[in-house]
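Sequences listed follow chains A and B, in order. Residues 14 to 129, numbered by my numbering, are exactly what the first sequence covers, in order. Residues 54 to 165, numbered by my numbering, are exactly what the second sequence covers, in order.
I should point out that these hints are in silico values taken from the structure, not numbers from a laboratory. Heads up, some of the hints might be wrong.
To be verified - Quick partial rundown of chain B residues pointing at chain A, CB under 7 Å, derived from the structure: (1) Gly96; (2) Leu148; (3) Lys164.
Glycine included, every Cβ here is placed at the ideal spot set by N, Cα and C.
Listed below are the residues making up each chain.
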Amino acid sequence: EAQVTQNPRYLITVTGKKLTVTCSQNMNHEYMSWYRQDPGLGLRQIYYSMNVEVTDKGDVPEGYKVSRKEKRNFPLILESPSPNQTSLYFCASSYRDRESGANVLTFGAGSRLTVL
Amino acid sequence: SQKIEQNSEALNIQEGKTATLTCNYTNYSPAYLQWYRQDPGRGPVFLLLIRENEKEKRKERLKVTFDTTLKQSLFHITASQPADSATYLCAPSLLGGFKTIFGAGTRLFVKA
């Protein structure tokens, strides 16, 4: 089954304790990205990656790091989490639709992170 | 900066009626527009997209329009069912871009 897998799905941690949220896709997509979703603000892009070793900042990159060493994996790293990073996080992979040129996203199930 | 507006108030309709959701955008000219469905606690799921040179697109009970003059897309669900209850997100996007930006979504409740 084509899918994007995120782990952990739920995590409660404390301020300053480094954590990594893993993301893996099995569709051979070139593009991957991370979003956070907060009530009233919708989905906001944190980082995206166009291919292996190629990443760029989205709209809210502060406090996050990413890496893309393999095509299928795109982990999100919080070096020193703070309470304002409490949120619902989504990883997505995407392909370029040949007919329209559109970037169509497939999302993971989400990771709910609470930072105390 | 690019701005996307979707009705933040929930839409409540009766089963069997047509639900119409609105997506307005400003400060840019998207080449295409996507609609996604999101159920509580789950990731968004792609529904359909419409290109700037298309006025209307249909897929089963779904219909999307794209008016580049009004800078607006309308998303219709005909013969709505309780199973259509979800949040619907629009994403007007530039061609070749990787920064897909989403509206905050409109929550739809279909009452049996």
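Looking back at the hints listed earlier, which ones does the structure fail to meet? Of the numbered hints given earlier, the structure breaks just one, which is hint 3.
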